[in-house]
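Undergrad: Once you have looked at the hints, place chain B on chain A.
One-letter residues, chain by chain:
There are 2 protein chains.
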Amino acid sequence: MDSRKSNRRGFLKGGAALAGLAAGAAQSAKAQTPEPKWHEKGTNKEIIAYGERSRFVTSLRAPVAERDSPDAFGLMFHVLTPLQDSVGSITPSSLHYVATHRGSFVPEIDPKEHRLMIHGMVDRPLVFTMDELKRFPYVTRVHFLECIGNRSKPTHKTVQETHGMTSCSEWTGVPLSVLLKEAGVQSGASWIVAEGAEEIKGASSIPLGKAMDDCLVCYGQNGEAVRPQQGFPLRLIVPGFEGIFQTKYLRRIKVVDRYYMTYNDYGHINPDPKVSALGNQIGPKSVITYPSGGQKLSGPGFYEISGLAWSGGGAIRKVEISTDGGKSWKDAELRTPPYPMAHTRFGFHWNWDGKECDLQSRCTDELGTVQPTRAQSAQFFNKPLDENYRVPGADNTIQSWRIAGDGSVHNGLA
Amino acid sequence: MDSRKSNRRGFLKGGAALAGLAAGAAQSAKAQTPEPKWHEKGTNKEIIAYGERSRFVTSLRAPVAERDSPDAFGLMFHVLTPLQDSVGSITPSSLHYVATHRGSFVPEIDPKEHRLMIHGMVDRPLVFTMDELKRFPYVTRVHFLECIGNRSKPTHKTVQETHGMTSCSEWTGVPLSVLLKEAGVQSGASWIVAEGAEEIKGASSIPLGKAMDDCLVCYGQNGEAVRPQQGFPLRLIVPGFEGIFQTKYLRRIKVVDRYYMTYNDYGHINPDPKVSALGNQIGPKSVITYPSGGQKLSGPGFYEISGLAWSGGGAIRKVEISTDGGKSWKDAELRTPPYPMAHTRFGFHWNWDGKECDLQSRCTDELGTVQPTRAQSAQFFNKPLDENYRVPGADNTIQSWRIAGDGSVHNGLA
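Chains as they are written, first to last, in our numbering: chain A, 1 to 414; chain B, 1 to 414.
So here's chain A without its partners, still in its complex pose (with noise of 0.2 Å):
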């Protein structure tokens, strides 16, 4: 048959053109899946106790090169979400981004042993086991992390590369003004200071008002305790804020009347007051990941172009797709529900025709802040915009991918 005839039906809202997608027919060699291996694997315990995932399934992190050169202690070490392969909103457990001063140390805490403090300015110094916070009332919220360096270096090839620096998770916990109350905050306090197990990197000044809006004290991630690369067994969510403030293996919480400088406030005290200003809260931010640097169209005809778009300002409210580098906008779909400062996955139905051109997404948060440009930004920065260009703080620039004649997709600006 025809397959135009059966497009023709337009069946899919806009017209898109599913040619090409189902070449075979039922009678073609490609028909028969081959009847599949059955073994049985290795012990009851993995089989029974605990699933793995498919051997042909490689997706994996992989380490930032250029930011694995040592730093004053020489264990900087970040690793990278494989975004070109996620589908939906939540990334998984294992191969959520790590960002870390400690090489690849993973500290093994027993959570019997493991307390939190919240002391400072507060009626009740209080001093919390696992077992007792779990007693408390908790919340379950999806929420994305980011490392503030997530696309330091915007030409990378891949959108791991690029922005594969964030990741998003359900997290249960406590929301930290129930402990706050429950310990009572005094009068002149204005921040708090987060600190973890980790003694460098370990601490964060955070303002009174947001811990007492939407932090979570959390020891649940995706149905399951916190994995220990991301604090297990208790970690500060602070959601929107970038990653260094998400404090891991979090075991004090002093409240304070000013901020307190720590470690963590290299790229924060800022003389700019622009890149202060930026320095906290996440912009709203979105990528394509499919098709994305590195990977190949195998020739004119549909696609769905798929991505995620976040905001540490809340909600995403629209997302935007250009096929032509920015001339002009059409609306992709919302695919998972836009949840306040959480990975939101959209889509858009593409029609290649072959030739060369320009892919770019745009979010608009729910405060109706715009994804900006690199020259919207360098503007604002009063910087001169070439292809050296950083964006201070976190650069959630709008990212485009070159498709090129023969369908290998390309950074833009690589």
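Hints may contain errors.
Treat identical chains as interchangeable: a pair holds within one or across any two.
Said to hold, decoys possible - Listed below are the simulated DSS-like cross-link pairs for lysine-lysine, each with C-alpha atoms no more than 27 Å apart in a straight line:
id	residue 1	residue 2
1	K383	K153
2	K157	K112
3	K330	K181
4	K296	K112
5	K383	K210
6	K254	K37
7	K37	K318
8	K318	K274
9	K37	K112
10	K157	K296
Worth flagging that the hints you see were computed from the coordinates, not collected in a lab.
From a predicted model like this one, the values you see are computed outputs, not experimental measurements.
TA: Just chain B now, with coordinates in the frame of chain A:
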């Protein structure tokens, strides 16, 4: 300080008392979290490429002993999710329940070799490779799966044993309706038969109306590829229907004009029309996961009752809690968004007075259907109500957990 004073602030709606949850003062011995051991674990591949859970987290699936007795093929095999440890709404993929007639055998399917055929009463029989399927428009939806045998023995001790054959994932795939429209369903068709690579338990007849409504041909689960035990590389999701319809290793969909009898029809074809009517779609169901059988409360005081509710009929609208064995009910809070045909986490503030009592949860779905008691079920099916009464089909009756005076938790029916 007097902890009661702090509680009198009544910051929790409903006046929940948190007395005793943080007994330790900051200066006490337990204030000090020991310095954790930092150690470099294994190879780069383990640490960088793919994270693992803590060795202190020992939550595991378990087989159903009495269901592991050999069936006609000697391979019946059911593995239970540890719901007692669950948080939030998503089940970690490694802990998703498994029901199969293949024993602990798992098929190893190369996705490059896998095909999906759509044939039968269609204008244009089609065969898709995995790459072709991934070019189609997709959706992401959160849905539970549940084996009809879940709670087949209501006197089990733990919630893993009573209710562990249900799990919930974020599924990503192509709406089956899109593929069927592409093939062109012919006039007179009324059913589809979905076939997987499991030659037994590998085919189910599904009404065409359901197939065109919300069924999904899924390649994604919780942000990554579907796991092998869940049907890698392709699984049919039939939201709200019992597990056996959710065909794993999906390779053929035949459009037909009648119900096809298959091996899967044990349990479905039933002379009692009430049983048959209730056989496909899971009724509104809920269970308290904490506190639940085998757990122990450490003494009187504040606890957060936590549990899961779900329904094949749509979204959960209400969950109620009884702490007096069903005499009186109070509304619980829904702690995760009540998606249609998805696990919804509920929570309830509870101040235990230390006396023996019976905890129950009862849910209502968006159709207004209320989870029944065992007595209502027995009356409906006109059977005597005693401890041996087994609900025909899927047992969605109310679960009761008895809290003994020493804090130990027991199945109310055991």
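Undergrad: Now look at each hint and say whether the structure bears it out.
TA: Outcome of the hint check:
1. Taking the closest pair of Cα atoms, K383 and K153 come within 27 Å of each other only inside a single copy of the chain (17 Å); across copies the shortest separation is 70 Å, beyond that limit.
2. For a Cα distance limit of 27 Å, the shortest separation of K157 from K112 across copies, 26 Å, qualifies, whereas the shortest one inside one copy, 44 Å, does not.
3. When the C-alpha separation of K330 and K181 is checked against a cutoff of 27 Å, the pair qualifies only between copies, where the shortest distance is 26 Å, while the shortest distance within a copy is 47 Å.
4. In this assembly of identical chains, the alpha carbons of K296 and K112 lie at most 27 Å apart only when taken from different copies (16 Å versus 50 Å within one copy).
5. In this assembly of identical chains, K383 and K210 lie within 27 Å of each other by CA distance neither inside one copy nor across copies; the values are 32 Å within and 58 Å between.
6. In this assembly of identical chains, the alpha carbons of K254 and K37 lie at most 27 Å apart only when taken from different copies (24 Å versus 58 Å within one copy).
7. In this assembly of identical chains, the alpha carbons of K37 and K318 never lie at most 27 Å apart, being 46 Å within a copy and 46 Å across copies at closest.
8. Proximity of K318 to K274 under the C-alpha cut-off of 27 Å is restricted to the intra-copy arrangement: shortest distance 25 Å within a copy versus 47 Å between copies.
9. For a Cα distance limit of 27 Å, the shortest separation of K37 from K112 across copies, 14 Å, qualifies, whereas the shortest one inside one copy, 44 Å, does not.
10. Taking identical chains as interchangeable, the C-alpha atoms of K157 and K296 lie at most 27 Å apart only when both belong to the same chain, with a minimum of 13 Å there against 54 Å between chains.
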